[in-house]
Structures are given as C-alpha cells and as structure tokens.
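Colleague: Based on the hints, put chain B in the right spot on chain A.
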Amino acid sequence: MDAYIFDSLRTVRGKGNDKGSLIGITPTALLVECLTALKERNNLDTTQVEDLIVGCVTQVMDQGANIAKTAAQQSGYGNHLSGATVNRFCGSGLEAVNQVAAYVKAGFKDLAIGGGVENMSRVKMASDGGAMAADPSVALPGHFVPQGISADLIASKYGFSRDALDSFAATSHQRAAEAEKNGRFNRSRISVKDVNNFVVLDKDENIRPTTTTESLAQLKPSFAQLGSIAGFDAVAIDRYPEVEFIQHVHHPGNSSAIVDGAALTLVGSKSAGEALGLKPLARIRSAAVSGTEPTIMLLGPVPATQAALKKAGMSKDDVDLYEVNEAFAVVPLYFMEQMDIPHEKVNVNGGAIAMGHPLGATGCMLLGTVLDELERRNLQTGLITLCIGGGMGIATIIERV
Amino acid sequence: MENYKNDYLQYSTSEDGIAVIMMDAVNEPTNLFSWEFIESYAEAARRAIADDAVQGVIVTSAKRDFMAGADLRVISNPPAEGAVILKNLLKTHELLREIEKSPKPFVAAINGNAYGGGFELALTCNRRIALDGNYKFSLPEVQVGIFPGGGGTQRLPYLTGIANALAFILQPKEVKPQQALKDNLIEEVVADKDELMAAAKRYIQNNPNAVQPWDDKKYKIPGGGILTPNGMQTIIGSIGLLRKETHGNYPGGENALSAIYNGLQLPMDRALEVEARYFVKTLNSPVGKNMIRTLFFAMTDAKKGKSKPQGFPEYRVNRLGILGAGMMGAGIANVSAAAGMQVVLKDVTREAAEKGKNHTEKQLNDRLAKGRITPEKAQDILGRINPVTEVETLKDCDFIIEAVFENPQLKAQVTRETEAVLGKDKIFGSNTSTLPITSLAKASERPANFIGIHFFSPVEKMPLVEIIVGKETSDRTLAATIDFVTQIKKVPIVVNDSPGFFTSRVFGTYTGEGALLLTEGVAPALIENVARRAGMPVGPLAVSDEVSITLMLGILKLNPNKQEHHERLIELYQNLAEELQRPGKKAGQGFYDYPAGEKKRIWQGLAKLCPANGDSEKITADVIQKRLLHIMALESCRCLDEGVLNNSKDGDLGSILGIGFPPYTGGVFSYIDTVGIAQFVADCDAFRKQVGVRWQVPDSLRERAEGNRKFY
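Going down the list, the protein sequences come from chains A and B.
Going by our numbering, the first sequence opens with residue 16, and the numbers climb by one from there.
Going by our numbering, the second sequence opens with residue 3, and the numbers climb by one from there.
Since the hints were derived computationally from the structure, they do not count as laboratory data.
No false leads were slipped in.
Computed cross-link-like contacts, DMTMM-like style, restricted to lysine to aspartate or glutamate with a CA-CA straight-line distance of at most 25 Å:
1. B:602 x A:259
2. B:601 x A:253
3. B:602 x A:257
4. A:120 x A:333
5. B:628 x A:253
Chain B on its own, in the form it takes in the complex:
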C-alpha cells in the first residue's frame, strides 16, 4: 500500500484492492492535459498495474472539472519542432495504450466538465461513470483551430458511431451526462458522489479482464465501420458539408476528418499514429495559433473584464433602464433580465414598451418548447422586465442604456429627460453604432458619466459590446460599464471616440470595397461568393442590403473628407436607393431581389448598371479576396494609429465578433501577420496604384514592415 501526491494528482490504494488516481493540479484552477500530466498519470497507472494488491483503478478529479482539456498555453506556442511534438505525442499514445491494454479495469469516475483532453483521457478508461449534473462532455478543439489530438478522433467513433462522432468533433456537439449516456459516450450516470465511487468499484470487481472495444475483434462500430456503405456515405457527406461550412479555411476539421477516414481502417496503435501526424500538421498551420490567441486568450481576458481601469470596486447593476424598446432595446432587456437584473424598459407608448417585452416572451417560449429552460425560470426572467412610458420610473436605475433612433436631437432630448431623474453617480450609456459619443455627451449635464455602449444585432446571439470612451468619460464610468458588460456575460472591447468607432468604421470599408468592385465591372456573384469563400459570413452586397443602402448613403454624405471613391459610392447608392427604388432588403429589393418564400437572387439589372469590361475581367478571385479582407485590416491599422483602438488584441477580437472578420485569421492584425507584413504592404501599394488613395499605407505600418515587426 502506498499513497503519494505530486503536482498533478494524488495516488491512493485501499484494502479492497481499489487504487484511486485523483487528478488535482497544484496551483491551477483546473486539471489540464499536458506532457507532464501524462507522465505523472502513466507513472501512477503503471504502479497500480504492477501492484498485485490492486484489482482496478478509479480515475477521478478533486476539482470542479474532471479535466478542462489541453493546456493551450503549451499548444499555442509550441516549444519545439514539429518532429519533437510528434515524438511526445506518440509517446503519450504509447503510455496510454499500455495502460489500456492491461487487463486491470480503469474506470473514469467523472464528476465535472470533461473537455478535450479530459474527455479523451476518459475514453482510454474501460468504463465511464458520470455524476449527474449540469456540466458537459465536449471536444471543443476545432473552435480554436485544432482538433482532438489525444486519441479522440479514433476512439470516439467506436463508442458512438462515426456520424455522431463527427458531430462531436466537427460541429462541435456538446452534451450533459444524461445525453452522453444516450450517445454511448458513457455507460452509467449516478446521482451522488458516494454512488459514483461505489459504482466504479462494482465495475472493477465484476470485470477483472477488461478489453477496450477497439481491441476486441468481434466488436462492431455502431452504424458500421468506415468502409461499410453507411460509413462511406457518412464520410462523403461530411466532406461536402465541411467545405460548405468552412470553405477550406479551417485545417483543424479537415485534418480531423482525414485522420478519422484513414485511422478507422487500422488497428488502434497505428490509427493513433495517423491522428498524431495530422495533429502536428494542424499545429504547424497558423490557424490554430491565431484562433487560440484571439478566441481563447483574448476572449477569456475580455470576458473577465481585464481592460477595466484599476482601482474601482465592482459596479453592480441591479436595476437597468433602457430607453427605446425597439429591436436593440428589447434584446438588451432580454439578456439583462436573464442575467438577473431588474429592467425598466421605456418607450413613448405603452404599446411600444409592451412590444419590447413581448420579444423576450417569444424567445423564452421558444426555449421552453425546446426544453432548454424551466417554466419557473422563464417566468422569473419575464417578470423582471417592466415596460413603462414615464421617465420617473427610471429614477432608481443604476445604469441607463439609450437605444432610441439614431437621431442626435432625439438622443439629446432623452438624455436630458433621463438625467433629470437619474441618480447623479449613475451611468448613462448610449447604444449608438455611429454617432460620436463626445458630441452626444454635449447634451449631458454629467459627461463624465456618459459613455458609448454599442451592442450588435441580434443582441442575444452577438457576444461583442463595443464600449466607446468619449472625451470626458471618466475612468470610473468605463470601469462600471465593463462591469455591467461582464455581468450580462458579453465580451467588451474598449475603443476611443471616432466616427463609426472601430467596428462600424472598418465594416464600412468592407461594404464599400465590395460595391467599388461592382462599379469596376466585377460580376456581383463573384464578389459575393469570393467573400463567403474567404470566410465572411455574408457577402458585402447582401450585407449592404441588410443594413440598408439608404442608411449607408446617409453616413457617406455626412463624411466631411470625401475622397474619389466616396463620390463613386454615393453615386451608386443614390442610383440604387433613390432612382431605382432599391434601398435594400427591408424594401424587398436592393442589390438583390427578395422573392417571397424563395432564396434571394442577385438583381439581374446590376450587370447593366455596372457592366463588365476588359479590365474587370482581369480581376481574379484572389485579388477580390485580398481587396475585401486587406481593406478592413488596413483601416484597422489606421484605427490603431489614431488611438481609436488601444491595442491590436481588441482589434482582433472586435473584428471577429463584431463584423464577422473570418475567425480562422485570428482577426485583422493576426491576419496581417499571417499574410506577412511586407507582403501586405506590397499588396496595398499595388492597389493604391490601381484603384485609389484609400489604399494608402500609413507610415507606422510601412515602418513595421521595414523592421519586420509583427503584431504578435
């Protein structure tokens, strides 16, 4: 009998022949999958296997999570050459296979989140027993540009079938214990911790010779193996769907799929080797590093409110006032009530205010119908929204969000009205997407308490909130606003005041460049398809229709420093929105036609409006892609230069979450690094010559290129 502990786990044995490996990372909030952990785990497992007094092993966790996955700090910054990583990975598989092949049963007693490597570790056990609870099993790796490289692609299909395994690996699907049981990820769910250990012990006592399904020649993969007609159909269909979803931009999913197809034809030892080789290939692409940097580290920091100025205690928003119960106001009310705040939703008429509340009711009813929320909880959320018309009702609010029409006079009026009743130390935020905060703050008696808080539509789905600091906005106000945004579980970025701030300003260059390509005679289908292929969620012309061409025209006309291309855009937009009466999607016609009940189609008349010509036919898909993405990155550099952005990470995060810049790039600045700064500048210089001054490279970027100083 020997018990010990180290930095990763506690090992103990008991009289009844059960060894327990209790994962318990020292000085970390959770257990993480790493080389060091595996060595430590293998050492404990070997000890148990060698110990004649041990009948079997229970693997469990002392933390809230079972295991949160791989240590991304290691993966995002590979310390060694690919060949070294491959060697380590193969060694990991060798150790885990050795443990797996021993006849002594290993039971994963899962007591909390089993993510990524944690889930994969559980798969190497002979049985998985889970404590019932509100936690998840998932393989989230593709979301950060990689794939489950700890044997997950090879072992999971044996348990749940190929099609379902693909859903877990590629989508990625995530499930709670009860669903995990139905999906055959685990074999048992128990109600409490004592039962968890008892059930694990029972299994060990009843199964002295445990064999893994993949080592059992008689075992059949549910739904059939990879070379069965069903398996082939599944893999071929998933290839088409993967490209439809990712357009070949995400090597993680592609390499996972290749590893599955290849490996499932092989014995497990060799299958894991195939997976490992594809995993190293994936790590060597810039996509994983870019995505981990922005969508894991920058995102985590932002969610925790790391950009909050120092020295301010948490500003707790108990009562939120919203001015204007339109689409944005109603959405903000919904997410804030869901976060536990009392919401006073004010509009001019009772009817409008009620309509704003109904939005939440509809959303809750949808979730109720899908069983995603209990009736009690839904009732609580709805009960926290109070639709009103009287400004006095706002007097006890801690925070106001003004979400009325984008009209400076109207905004000024509601600011004054509200401040008259609002506590003098409370915060007033304006949810404007374009109007300068400093000028809106002029209507305020307390401009230090006045700030921009730009939500995106639909509020429920879009995680980003762009916080705009006006000239007189105080640090306390900024701190309080960041607290509010984290309280409603959104992701804040902080920018300084400028027309269009960061997101709208950069987004305008995307719609603009798309329309300018059109005026040059490039076929609209080519522009739109290339944009989507490059990873944008919507083509520039389609999204212009959604925003409304009239609105974009209005913003352009306000620009005091118009360049040649602005005039060209104004002409096009005027032509479409005014003369041709095609202002956009709402009107049923814009760049596209929107026939009722059918898919939208590009308006045939565009070909005549912007006819193709000898020059336009020479513009290749590659050039179109560069012009659409580069222009956003270039504008972001200007934002950084002008101090609109405080740092490149905010720009990366904001560009992905706010305007749909392709996630695989890691955001606008990571994109420049990946293209290569020198190449990026050379491309912009060439476009400057060909199509205009908007492609002028700022000096700071040129200097960066000359010094080869990457953003990261």
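In isolation and in its complexed conformation, chain A is listed as follows:
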C-alpha cells in the first residue's frame, strides 16, 4: 500500500532566544495552530484522523509528558485523537512523518498526522540531561564530544576551509531571502497568533539578506574554548589521531540558527484521501536511517541517503531536489562532495543557517519546503536528509503524484 501526503505546513520560525517573537507561545500552542490550520485548509473531518505523532527533542518542562497527546487534547480534533512523541534528535520531525507513512503502508492506520515541534527559547537545548554526554561510563568509552566539535572535526579531517563554510552560509541567506521575496514559502507557511488571535509573527525571523562571506568572516569560532578548556579537541583526536589539530571554523553565522517552530504533515492511504476528498500531493517512496561513528557524529546523511535510494531503486540522479539540513555548513558541503551532487540541486531556497533549526520540527519543515519547490518547478522527486546527534542520519524520498 502507498502512503500519500495530502498536506504539509509549518509555522514561521522565530528566533530562539529571549528576544525571539515566539518565546511567549508555548510549544503546545504552536502545534495546536498547525493542527487548526490543517483542519481549516483541508476542511478536514478530524474524526477520521487516527493519530498524531510528533517529533520533539528536548522532552522536559513544556515539552515533557508527551506533547503530542497534550496538543491532540487541546486541538479540538476530538478525544479519539491519540498522540505519541518521538525523539530521534534532529531527525525527529522526519522520523514522525516516516512512522506515520510506515503505519499507512502497513495498513495499521489509514490517516494520521506526523510532524514536530521545538520551542528552543522556552526549553533550552540539552536541558533534558541524558547519559550520552553526562554519564562518564557512557561518554568516556564513547568519546563523546559536543556537536560543534564534531562539525569542526569533519572540516578538519576532510579539509573544508572557513572560507568555504562562510560562502555556503552566505548563499543560504541569499537563497532564503530570494525565496521569501518571491513568496515561495507562503503556500505551506502559517503565521503564529497569540491568545487573542493577533498575529505575533508572519515571517521567518532569522533570515538576513545582507549576510555575505565577508561579513561572516568577522565572527569568532564558537567551539574553540569547548575544544581546549573542556578538553574535547583531545577527545576527538584520540578517536581520529590522523587529524593533527581541530580547526575551529564553525560560528553562529555558519551553523543553524536556534529558533522556535512547529510543522505537520497529513499522511494517509489513497482510499482515506478519496473518502475525505483530499488531493494527494506526493507519495512517500522510501525512508531510511543509518547509524555512524558517534564522535564525528554528523556524517549520517550520506549512508542514510544511499540506503533510501537503494530501497527506492533509484540513483542519486533520479532525485530532482535535495534538502540537506544545514545543522552546520560542513554537513551539506560534505554531503555534496561525497555524493557528487551539485549545489544547484541542494537547498535551493536556503536552509537552517538562514531560517533556523527548531530541532524536533525541522525534518517535517524540509519535507514541506521541497514539496512546494517540486510543484513550483514542476519536478518529480525530492529527497530530505538530516544529520542526527549521537551519530545517525535519516533520509526520505518523496515523489509527486
């Protein structure tokens, strides 16, 4: 059985700090806004929606205690709507969609919603603790290093210069600004409203059209101190002794921005769509995840993509557009180099460096972004992939119908 996408939408993304526009909007509220929009846009008979699976990384405080069911309860969809929250770190939003698709393909569900949420200004990244970084009996043998060190390690090991990263980052802003200017995000992007229904944000807050390689060159590296004072450069080199030293080349301008946002995708079987008068936009062709060595951590998009292509019986050239999450500039650069894919096919409307990476939501957002762009260009196939903490990658291939 095939799993079809009937709609995909996301909120605008607000800066994830004390000055960000969405700090007062709870993650539950962000999800509920998406649910409401999904209902209204599709005139959706919500009694037919069986489940809500939400990706969310930092599942404590406002995001604790199963935020999917919390939002389901608040959504007005009805008490029948169930909810599960999943955590595959930065791949969570795509993982949730893949899980819904898998349920549909298996015939276990006919119609359900997958997506993700992260309000990073309210619930701080890494505030959920965990053994991976903090339990010495795990972190020491695991050669745990913070992600920024992993990103700098990739750049050091594979020879990506600061200049190349900054240039990529500037392009992300330019592409995003261009897309924004031409209204390319409008179809699947919703503004966020307050409790009075007043709009608090209607544009992605982080895009800076004036960003250039030169302006980025002024920024100080973010992870140099973590590398030296906290000793993590040495940890990375213990694992990769062929690397003479870690070049600290990532900074806030060529790493993904910390933002708030949510996104959802409505997925179902062909018959469920027909019964409700929903028009299928695309089919989920295949999906895959892959584990990688945890210290370098962020190489996962390559094996995950290769696995997803293999499962779909496709080659990389069969894919028209790629979305590779810009967690750090080196991730898509490494991906393009390893896969031999031109930048013209990758992140054509910018990415998380410009617009931000609300951890649990991003995967679902990228799916919506590439779907819109395939339609606009009248192309067929898109692949979404994200690198994931702890050493993982996830990839999904969609195909317009």
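Modeller: Same frame as chain A, now just chain B:
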C-alpha cells in the same frame, strides 16, 4: 567506664561522657586503613554508642599522621577474588554507616596528615576539627592507579561541591588545614592540641543529635547536585578534560567519575555500593597493581636509598661544587641549595656563573609571588649559592658535579683541574647524558672516586637521577652518591656503564622508531597523536625537535655498530638538519614549524619528504602504538641482559621518571608483563620480519616467554 587497647587503637572514656578512639597502630610508623582496622574501629565505636554514659566520640591519632591512607600492601596484591573484596568493602561501608547514623556525635580531631582512607574516615565523622600545621589533606589514590574507595567519592561532594571534589579526586588537589577550612573539608582549625580536644568536646556537648549532610533531606550540595544544570556542566566538562589528560589509560579516574555521577543520584547507602563496585573493577585492572608496584613501592625504596651498598656510613654533603653554570648546573645548584647545601657554582666567566645563580633567584621569586616560600627562606637558599670562576674555591667541597658541555676533552680538562684542588677522598660526579663514564674516568687520577650522575631537565621538576657506575667506580663512591641524591630528595637508580646508559639509550629507540615510521610513509600527525594517546608526554618527532636533530645525528654517527635502520635515520636527520636547515626547536624549525606566539605545527613538507604509500596506509594506529612502546621495552630487556640494569624495578622506575614511559604501564618491564610476554615476543617477531633486525628478540626474553616467567 572501660578502657582498652589493641593493635590498632586505644579506647578510653572519661567522666564527662567523652569517649576517645586514639588510633595507634602497633609496630607501624603510621595508621593505615585496612579491614582489620575497620573491624577494630567499629567495635570501639559500637561500644561507645551502646554506652549510655558516652555522649560522643573523639577520633584522633597518637601518630604524627592522622592516618596515611589504605594499606597498599593489601591492595596491590589482592588476597582474594573480586567478589570477596566487594563483600569486605560493603561490610566496611555498612559498619561506617551504622556509626554515622547513630545520633551520637563523632568528631575527627585531626592532628596530622589525613590521606586517602584517613581522610575518608574523617568524612564519616560529624565534624572535622584540625590542628593548624604544615600537613595535608589529600586523596592521592589516582596517582597509583586506583581511586578513593572508602566513601570519598560520595561524601566529599556534599561538603565541598562537585567541582571541587573532582579536583581533589582526579588531579588530585591537596590542601593544608587553613585551605581545607576554606574548601569546607573541615569545619574548624585550632592552634594547639589542648584546644583540639576542647573544641571537639564542645561540639559533642552542643550537638547531641548529629545528622550527616547526606542524610539530611533539606541539605543542598554546594553549587548544586549532579542533575542540576551546574552539576551536569561540571561532569560533562570533566569527562572531556579527563580524556585530554589521560587518554583513557587510567581506569582509576574514569571509574571515580562514573561512581560520582551514578552515586550522587542515590541515597548514601546505595551510593556507597555503586562506589564499591567501581572500586573492585578498578582493582581488577592491571593499572593499579602496576602503578603501586613502581610508583609507590619501588619509588619509596629508591627515595630511601635502598640500592646503597651495605657497610658505608652516611656521606653528608655540606659543600657541593658544580662545574658549569649552564641550564643543568644552575638547576642542580638550585635544588641542592634548597636542600641546605653550600653550593660553589663555577663557570669560566663571572657573568656565566652569576647567570647560573640568577636562575635560582628567578625561581625563588616565582615562588615568593605565589606565597609558597617566605622571604627569609628564599634569602637563605640564594645565599648558599656562591658563583665563582677560580678553581681553588672548590677545594673544600665534599662532592663535585661536572656539568660542562658534552665534550670529552673539555670534561677531561676540568676533571684534572678540579682534582688538583679537591680532597683525595671526595667524590667527582659527571652529569653526562651519553658519554661513557669509564672513558671519562680516564682523565681522573682517582677513578675509584669518579661516577656518573645524570640529572634530567628541568632539574627542579624531574625527580630521577641516573647514577652510572664506571668500571673502576668504588662501592664507597656509589654509596656516597646515593646519599647525596637522597639528600637533595631526588630518586636514584643505579646503572652500569654503556653508551647512553639506560635512559638515553632507551629514549633513542623511541625517537628512532617514530622517525622510522615517518620514513616508511606514516603520516606524522598520526605518529605524534598515537604516541600521546598511548600515554607518552610528547610525540617522538616533537621531542626530537626539542633534543635537537643535530645532536641525535651526532650520537648516531658515533655508533660503531650501525644497522640498516641507523643509516636510514642518519639520512633523514642529515636531510632535515643539514640540507633543509631544520635542526629542531631551538632553530625555530625541525619536524615542526614554530611560528612566534602560536602553537607548533607539523612541517607541511614532511609529507613530500616521506610520502605516504600503499604499505604505509596499512599501518594502523594500534601497530604504531605497539612499535613506539614495544621498542623501548625491548631495548630495556637488552639493558637487563647486558647488566646495564641491575634489576627490572630500576628499569620500570627509570623509564617512567626519566623518559616519560607511560606511568599507567608501571614501566617497561611491567608493560611486558601486562601485554603478556608471549604476545610481546610474537609482536616483536612480526616486526622483525616486517621492518628490521632492531626487533630481534634476545634469547633471554624468548626463554622467559617459553617458560612464561613474568618479571613480577
């Protein structure tokens, strides 16, 4: 009222309701923490708790130390299976917890060093009152490969906070009473012994219901508990730093950190169980046994001068003469003056001699600025160094150390000059690192009084002194030299004459193997990083730069029995030092570049000079590590065979202290035991086939392997 004593303590009670447990180990210089002690302590404590006439207990010591720590004789040689040790340890915790949970206050009245188990015992008391003085609180266990397993990892964070507790356990930080008070390790410091007992008594009278902080639900760990953001940040940072410092080679610190993270989330009874399980795991690794053997027992013996030949009274050095006020001479002058000797520091010019003295002045000024020495004491030390140019000034010296340039003619000349004025029964030591003592002694009229005394640089920091016995050196001279070395508080090992003696000879195989790997096409970063990861303080290429490639080239060229690999090294060194003008660090370029104000970087040209190839790419990090460490151990076996070393313990101690062989191994011979002799020989045989005759295993070692006769 009942008083008694046994082999570990004296128990007494008095009319005013105070019981005293006076720790006083019979036939031992100090009190030690052991199962037997704990049983005895618990018996006394139970008696006090059960005695209605007793209000509280003062725990103190009749010795100079409060308690010197665990009995390493027991720990280094576990008498029983891990499971039995665990049972004993859990029983210990149970007994101490029982005492701790009783409402009767226990006060540790600390009157001297509280190390390891002694400090941990004090932590089980409700209050710690210390006599002010020049002694220390410390948990030194990680230095011998284990960690504080008597509850220290669990109780200390409650008093001083997690970050500071980690400093005490992992670095390990040590403090005197006043700082201990600031760090919250203790609650009170008093000026004299009477006040110590009075203060303890006051506390007991005022606190009839004492509760330990970890048993008080309202108590908060200073700086926050382990699961607070601050606690998490502290632990995550310390994980990174621990690997940076130890590269995963020291299970003691790692297991301590795991026990802290795990245990601090639990009630104390269960936390101690977690600690105990990690402690047994640590004891079962070879690291603790190796480190205790070498860095505690062998080191203690060496410091006491155990290798001194029998039958010679102590040779007291009151006046020391040093020839040559360069880096080594100046450093030797400094440590000798600090040990109370009058030092005559001679050089050719007044200026050079003064410069040597200035070295000590600079060092003293640093210590003054940090408050580590009083101005009076600094003045005394400096006043004992007399910079001179005239050889006559040496006439009243008891001991001469010649530290001029490594030039045999020059050394011969100063030997003759000095002996002309020196008393006929005085000792002449040459601080050479490579020149054979027997041949230098030829310049001496009294070769029986002539000996090698090899210091390491920087003299102040490096504890080892390699004493080299020449062919004609007398036992009396050796005895006197060992006395001198112990008088300046250095650690002597005694070796017999041979080119490079023991340390330089073995060290040469390390720099050599590193350079040979480079010539085979292995990437220099990989060689250097693997060496450091294996526990060497400096990579072989970096240390070659420090020594100077020119110097190493000179030594190699002098070797009369060159093998193929020597020729290969000479070619590389010549290429670098002469043709490319990259002789080493001093010149600002060698294997590395040394850009001003920046970190050194491997010279990019090395990749072209020694290009990678299909074979070099197959050389794994594991193989590199083995080649770098095995080669030193193999050369040490030859030293033992040839009688350069008298025993394996000297080799173990000398390798760690002299050339930085990784301490976790316990030294070169302990390393072979740990690798397994058969495995070691098999590895060497494989390298013999692959890379050359330098890997030929001596027959003695092969026989050892066949008989599975370990060094220890």
